[in-house]
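Enquirer: Using the sequences and the accompanying hints, generate a full structural model.
6 protein chains.
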Amino acid sequence: MATLGLVEYKDASPEVRAVYDDIMATRKTDWINNFWKALAHDPATLRRTWQSIKEIMAPGSLNALTKEMVYLAVSVTNQCGYCIASHTAAARKAGMTDQMFAELMAVVGMANETNRLVTGYQVEIDPQFRTS
Amino acid sequence: MATLGLVEYKDASPEVRAVYDDIMATRKTDWINNFWKALAHDPATLRRTWQSIKEIMAPGSLNALTKEMVYLAVSVTNQCGYCIASHTAAARKAGMTDQMFAELMAVVGMANETNRLVTGYQVEIDPQFRTS
Amino acid sequence: MATLGLVEYKDASPEVRAVYDDIMATRKTDWINNFWKALAHDPATLRRTWQSIKEIMAPGSLNALTKEMVYLAVSVTNQCGYCIASHTAAARKAGMTDQMFAELMAVVGMANETNRLVTGYQVEIDPQFRTS
Amino acid sequence: MATLGLVEYKDASPEVRAVYDDIMATRKTDWINNFWKALAHDPATLRRTWQSIKEIMAPGSLNALTKEMVYLAVSVTNQCGYCIASHTAAARKAGMTDQMFAELMAVVGMANETNRLVTGYQVEIDPQFRTS
Amino acid sequence: MATLGLVEYKDASPEVRAVYDDIMATRKTDWINNFWKALAHDPATLRRTWQSIKEIMAPGSLNALTKEMVYLAVSVTNQCGYCIASHTAAARKAGMTDQMFAELMAVVGMANETNRLVTGYQVEIDPQFRTS
Amino acid sequence: MATLGLVEYKDASPEVRAVYDDIMATRKTDWINNFWKALAHDPATLRRTWQSIKEIMAPGSLNALTKEMVYLAVSVTNQCGYCIASHTAAARKAGMTDQMFAELMAVVGMANETNRLVTGYQVEIDPQFRTS
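Protein chains in written order, with this note's numbering: chain A, 40 to 171; chain B, 40 to 171; chain C, 40 to 171; chain D, 40 to 171; chain E, 40 to 171; chain F, 40 to 171.
It is possible that some hints are incorrect.
DSS-like mimics (lysine-lysine), calculated; alpha carbons at most 30 Å apart, straight line [unchecked claim]: (1) A:Lys67 - A:Lys93; (2) B:Lys93 - E:Lys93; (3) D:Lys93 - A:Lys93; (4) D:Lys49 - D:Lys132; (5) E:Lys132 - E:Lys93; (6) F:Lys93 - C:Lys93; (7) F:Lys67 - F:Lys93; (8) E:Lys67 - E:Lys93; (9) F:Lys132 - F:Lys49.
Derived by calculation from the structure, the hints in this document are not laboratory data.
Expert: In structure tokens, the structure reads:
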């Protein structure tokens with residue numbers, strides 16, 4: 040179980056409920072996933088984290104699907120099991136097809152490979168890549 | 040300098056030149072960046088790595104820009120300096136604006152943060168996120 | 040199960056038992072956790088690892104609680120499930136409250152985020168931060 | 040140079056200057072380090088990141104020195120050069136002595152070692168470490 | 040379960056079966072492990088990944104056992120549970136004894152420790168280590 | 040420069056000199072690399088780290104070359120610049136040829152790739168890979 044346990048909606052303070060309500064309204068769902076329930080023992084972190092994610096993940100010059108796939112790519116690189124499960128679900132909800140998932144994984148795998156080849160071979164940055 | 044040195048075009052074997060030529064033709068550039076010149080001491084790895092990247096990075100259900108931004112997101116997560124420089128350049132060439140870059144970094148940063156919050160709080164995966 | 044299995048006290052050689060006894064005496068507990076039982080198939084590594092941890096984790100200019108929280112911060116960053124579970128328990132035993140845990144996780148999360156923002160933006164080190 | 044360049048105070052918009060002013064007032068310094076100048080091209084991320092750090096790093100049940108040392112421990116684990124330089128400076132300013140630094144590094148090194156031994160030996164979590 | 044499910048031999052297309060057959064022939068086994076069955080939903084990635092592994096893991100100037108132990112060392116460093124389980128099995132099949140495993144883990148642990156000590160102390164590369 | 044500076048032989052205490060002497064005798068060299076000079080401000084860590092490395096890297100059921108290549112593989116995976124430079128030199132001294140280096144990097148790159156593919160596809164461990 041989560042280190043500090045999970046705070047269910049019925050047991051939550053008004054401050055926590057307000058965040059839960061905003062999560063459900065923003066995501067158009069009727070349930071709260073465990074991540075938020077685990078953070079809820081620290082209402083300041085719950086509020087700050089949710090506000091940041093809400094702001095960052097809102098569509099801008101990148102659309103919601105692209106942002107979710109990037110989130111998944113990072114989570115895979117970091118080998119975070121929970122995050123992979125939750126952001127695979129979120130990316131699918133945002134429109135990721137099986138084929139898009141497969142292409143995404145291929146890029147993530149390749150980047151992780153060449154990141155090591157470059158560093159392992161001690162390759163110097165080309166002048167053309169330097170931002171003057 | 041790179042561990043095994045760099046193989047310049049004029050010094051390259053026909054096998055290596057063929058890869059260099061294909062890289063330049065595919066990318067519509069007239070130069071080869073250091074990564075490939077460093078790998079060229081091992082022609083089998085040079086060829087295999089280029090073939091894989093060419094196949095993986097070709098537009099499919101994800102477009103070239105999305106793939107380049109994912110590549111950059113992974114490289115940032117892994118803290119690979121060369122890869123960040125080269126894929127920032129590649130993503131810009133594929134159309135990434137400054138605003139898109141800034142949004143991309145915000146997502147990468149946030150994902151790296153919540154990856155640790157989730158794992159640190161020992162949060163269990165919600166049944167809803169499990170694949171069947 | 041652990042790759043080489045677990046060596047229980049009753050089955051342990053005198054050399055391994057001596058380490059187990061010292062672990063229990065130092066930690067004032069009456070049981071040995073699985074990590075040590077797994078290492079015990081390699082008595083040299085068991086002994087060396089325990090001696091190092093005993094020396095490093097002893098209170099010095101940093102107290103035991105601070106050291107345990109730093110250990111937990113590293114384990115969370117590395118996404119090591121066993122280590123998070125065991126060092127959360129150890130930190131609590133050393134005095135970590137729920138509020139301290141929550142603040143610790145907030146710092147760990149934030150550091151993981153800004154580590155990537157800094158590197159992703161290719162920020163150069165300020166001269167003021169350089170050590171002479 | 041930083042990917043999007045650095046925004047100097049004299050060239051900053053009022054919105055960015057307000058953040059810069061708050062950073063200097065909070066930290067009691069008269070200069071802004073490159074990280075913030077690099078983020079300033081994205082005022083929303085600049086503001087959000089600063090607000091989060093200001094809130095998280097304020098003394099609470101953990102004091103400022105402990106928080107800075109945890110920040111440094113994470114940065115070392117992630118091998119972030121800029122972050123190590125800047126947070127070594129910040130931790131020293133908060134009171135970290137050379138001896139405390141040395142003990143901190145010893146703990147960070149050891150944690151990174153045992154994180155891999157535990158996972159490499161495929162050790163199962165002891166029931167005693169599970170939360171409920 | 041795997042994100043896209045597993046493709047069993049009896050349900051596989053001729054293209055996928057050809058890869059499965061080559062895996063079993065090359066490895067002299069009569070079953071396919073889940074990794075390949077999971078990739079099989081993306082036949083291009085299945086084929087490319089298998090061809091790369093087949094080529095890379097074939098004995099060359101490094102023998103098969105050394106290559107498998109290196110694969111395991113990387114997987115442990117990255118904390119990849121599946122990979123540790125599968126490559127421990129593969130390394131044993133290639134001749135890794137319990138003693139070799141224990142020595143391998145000791146090296147992996149130590150490297151992970153000193154990687155952080157070096158970076159944490161901000162040590163500059165000795166001129167003697169630079170490649171010309 | 041290194042955070043605490045470097046301790047040169049002529050300025051070292053007898054305790055530190057004894058370690059330096061043992062390093063040079065064991066490695067059959069006449070100089071000390073910066074890593075040890077940086078650690079020397081903390082003689083306990085200097086001594087413990089050297090003793091551990093000396094013990095771990097001594098030929099056993101794995102020879103010195105294999106151990107050095109594993110050390111390099113881990114350092115590349117962790118993207119530690121200093122460690123890659125120093126252990127490339129050490130591995131070469133132990134007999135690593137250019138061809139062996141190239142094969143080593145190919146394995147390291149591939150392992151980093153498939154580590155992410157496995158985790159990204161959420162592949163379950165095959166019963167055959169489980170230890171007992």
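Enquirer: Each hint should be assessed against the structure and marked as holding or not.
Expert: We went through each hint and held it up to the structure:
no.: 1; hint: A:Lys67 - A:Lys93; result: 13 Å, holds
no.: 2; hint: B:Lys93 - E:Lys93; result: 20 Å, holds
no.: 3; hint: D:Lys93 - A:Lys93; result: 20 Å, holds
no.: 4; hint: D:Lys49 - D:Lys132; result: 27 Å, holds
no.: 5; hint: E:Lys132 - E:Lys93; result: 16 Å, holds
no.: 6; hint: F:Lys93 - C:Lys93; result: 20 Å, holds
no.: 7; hint: F:Lys67 - F:Lys93; result: 13 Å, holds
no.: 8; hint: E:Lys67 - E:Lys93; result: 13 Å, holds
no.: 9; hint: F:Lys132 - F:Lys49; result: 27 Å, holds
Taken one by one, the earlier hints all hold for this structure without exception.
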